[in-house]
Amino acid sequence: MYPPAFEYWSPRSLDEALSKLQELGNDGRVLAGGQSLIPMMKLRLAAPANLVDINNLTDLAYVRADNGHLAIGALARHADVVDNADVKAISPTMASAAPWVADPLVRNRGTVAGSIAHCDPEGDWNSVMLAVGASVVASSSSGQRVIPIGEFVVDFFTNSLDEGEMVTEVRIPRPAGAAGGAYLKLERKIGDYATAAVATFLDLAGDGTITNAGIALTAVASKNLKVTEAEQLLIGQTPSDELFGEAAAIAARACDPESDVRGPAEYKRAVINAYTKRGLDQAFAQAKGGS
Amino acid sequence: MKVTVTINGTAQSADVEPRQLLVDFIRTELGMTGTHIGCDTTSCGACTVLLDGTPIKSCTMFAASADGHEIQTVEGLKNGELHPLQVSFKQNHGLQCGFCTPGMMLVGKALLEKNTSPTDDEVRWAISGNLCRCTGYTNIVKSIQAAGAAIEGN
Chain G
97 MYPPAFEYWS PRSLDEALSK LQELGNDGRV LAGGQSLIPM MKLRLAAPAN
147 LVDINNLTDL AYVRADNGHL AIGALARHAD VVDNADVKAI SPTMASAAPW
197 VADPLVRNRG TVAGSIAHCD PEGDWNSVML AVGASVVASS SSGQRVIPIG
247 EFVVDFFTNS LDEGEMVTEV RIPRPAGAAG GAYLKLERKI GDYATAAVAT
297 FLDLAGDGTI TNAGIALTAV ASKNLKVTEA EQLLIGQTPS DELFGEAAAI
347 AARACDPESD VRGPAEYKRA VINAYTKRGL DQAFAQAKGG S
Chain Y
-11 MKVTVTINGT AQSADVEPRQ LLVDFIRTEL GMTGTHIGCD TTSCGACTVL
39 LDGTPIKSCT MFAASADGHE IQTVEGLKNG ELHPLQVSFK QNHGLQCGFC
89 TPGMMLVGKA LLEKNTSPTD DEVRWAISGN LCRCTGYTNI VKSIQAAGAA
139 IEGN
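As they're listed, the protein sequences go chains G and Y. Each number in our numbering comes from the position in the first sequence (counting from 1) with 96 added on. Quick note on numbering: our numbering labels position 29 of the second sequence as 17, and the sequence is numbered without any gaps.
Just chain Y, same shape as in the assembly:
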């Protein structure tokens, strides 16, 4: 079946099997590998994308269900310059291996769109569906807060 999805502002189509998962549609059909596959069982959040602005796990959605919708992936964060989240993750050492980072930044983006100065608890609550095995989360929380401050400052 033909699926058309607007990815990072550009409409993209592919002919897929109904059982194709959204994460594989993005990685394999579209060749965008910033969206990762971690646990593949709806636990880790490495495959997080924004569906019409809302973070979801793309390993637990069929590409067919995304037909006609807007998806944002980590590749869509940079707009000429790095996004404030990308800058702050770099400055605050918000990543080590980087596997969870795309998901963390996209959840951070959705959070900061509602609230540019979240508390520690608010950030930790927002990222509670995303696992990081390196950082202990402290610097991820700092990074998201710093990005919020940068966005507010602009």
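Chain G with its partners taken away, still in its complex shape:
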């Protein structure tokens, strides 16, 4: 299978890439790992006239602990965040999700930032990012802006980047207190999209009160779904079985799954309920263990 013909650009620096994207406007598309974009082009679901390949921008292939946050550069591959000490130290939710993204070969090529920019509601990373309150650095030839992930993920395969902009970094805030998190994903086989998945995050004060909470769902709505109502319920409370059960019930009500080959809608809703509860339990156990 072949994609429609396109013009190929291979900039050697970020400045060169950004000026090319500026020049191409809506006709230009960034090629990072290509593990979603290339299959979509082969299936003729996408037909960009120009690809700006950023694989030579190796300065962007970083995962590092910066002031107050974990920084993931645009060219960091999924494999770079699996078993990564900085990721484990700063974001337990992300560390939990990393081994379950796609399959090992896809993880070697696909990028975290590319997957986030792709905004596939069946993608794993945007649930993680919504749960932990990440932000995205968008760069263009005229400057840089930082977009909270909730504003970045607009809808089905739609992000809030402007013409000529690309994602250059993803930032995951460092938790204030003792934190825990999990990403629980039900998949038929490795490499399949999630039937349903839940990202959870809890940040606890010294007295055990929940100071920050994150819950976001994969593959059960037209975009990765942040369950704000459940998060608000948790914040300020002391963890308990009953509280987590209530939050899970809210998540199950909030989602809007469709029946398909991966299962009927009601089954997926039940999975969201069970996995949200279980994910919060795991996040709490981890936060307690770390405090």
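Fair warning: there could be bad hints in the mix.
[As the list claims (entries may be wrong)] For the chain Y half of the interface with chain G, some residues (derived, Cβ under 8 Å), not all of them:
(1) Asp28
(2) Thr42
(3) Met49
(4) Ser116
[Claimed, not checked] In silico lysine-lysine, BS3-like type, Cα no more than 25 Å apart, as pairs:
(5) G:Lys184 with Y:Lys102
(6) G:Lys138 with Y:Lys(-10)
(7) G:Lys138 with G:Lys285
(8) Y:Lys66 with Y:Lys102
(9) G:Lys285 with Y:Lys130
(10) G:Lys116 with G:Lys285
(11) Y:Lys66 with Y:Lys78
(12) Y:Lys130 with Y:Lys102
(13) Y:Lys78 with Y:Lys102
(14) Y:Lys78 with Y:Lys130
(15) G:Lys116 with G:Lys138
(16) Y:Lys(-10) with G:Lys116
Since the hints were made in silico from the structure, they are not lab data. Glycine included, C-beta positions come from ideal geometry on N, C-alpha and C.
Model the placement of chain Y on the given structure of chain G, informed by the hints.
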């Protein structure tokens, strides 16, 4: 556009369209047909090659992106003698139809370079992006472990 790739240690160039996939560059431009095309949709791993030593799916990369990089294909395993992986796949009946075998051996090679005595789980995890429809995987796991033992023994 002109693309130059070092394949199994030898620099090879060809003039290609930007949309040419790496797997077709290898099979059609270079005439090396050991790298297979299975699903053509990033699922099966039959097209696995090593890009600068790391296994990737060559049906999901443009040849243009490989310009200046090193690729190893199954043809590069044999170095005078069969590679220990090739010997062990033969001895342990690690293949039946053989379609997935190049990918399995290359993933095995990348794994064994980090760890010559992987557990069953470690091997199964490493090959989880590669499908086999014949063996039930058991003998593939055995083959990769036996190759690791042979490499360690040398």
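Checked hints:
1. Annotation: Asp28 of chain Y was flagged as interfacial toward chain G, and the flag holds, the nearest CB pair being 5 Å apart, inside 8 Å.
2. The criterion of a C-beta within 8 Å of any C-beta in chain G is met by Thr42 of chain Y, whose closest approach is roughly 5 Å, and the hint holds.
3. With a cut of 8 Å, the hint placing Met49 of chain Y at the interface with chain G holds, because the nearest CB-to-CB distance is about 6 Å.
4. Against a cut-off of 8 Å between C-beta atoms, the interface hint on Ser116 of chain Y holds, since the closest Cβ of chain G lies about 4 Å away.
5. Between Lys184 of chain G and Lys102 of chain Y the alpha-carbon distance is near 21 Å, which keeps this suggested pair within the 25 Å criterion.
6. Simply put, Lys138 of chain G and Lys(-10) of chain Y have alpha-carbon atoms about 22 Å apart, close enough for the 25 Å limit, and the pair holds.
7. At most 25 Å may separate the alpha-carbon atoms for a hinted pair to count; Lys138 of chain G and Lys285 of chain G meet this at roughly 23 Å.
8. At roughly 20 Å between alpha-carbon atoms, Lys66 of chain Y and Lys102 of chain Y fall within 25 Å of each other, so this suggested pair holds.
9. For the suggested pair Lys285 of chain G and Lys130 of chain Y, the alpha carbons sit about 22 Å apart, so the restraint of at most 25 Å is met.
10. At roughly 40 Å between alpha-carbon atoms, Lys116 of chain G and Lys285 of chain G are farther apart than 25 Å, so this suggested pair is violated.
11. Taking the CA atoms of Lys66 of chain Y and Lys78 of chain Y, the gap is about 14 Å. The hint holds against a cut of 25 Å.
12. The straight-line distance between the Cα atoms of Lys130 of chain Y and Lys102 of chain Y is roughly 17 Å, inside the 25 Å bound, and the hint therefore holds.
13. For the hint pairing Lys78 of chain Y with Lys102 of chain Y, the CA-to-CA distance comes to about 23 Å; that is within 25 Å, so the pair holds.
14. Taking the CA atoms of Lys78 of chain Y and Lys130 of chain Y, the gap is about 11 Å. The hint holds against a cut of 25 Å.
15. Taken as a hint, the Lys116 of chain G and Lys138 of chain G pair is honoured in the structure, with Cα atoms around 24 Å apart against an allowance of 25 Å.
16. Between Lys(-10) of chain Y and Lys116 of chain G the alpha-carbon distance is near 21 Å, which keeps this suggested pair within the 25 Å criterion.
Of the hints listed earlier, the one the structure fails to meet is number 10.
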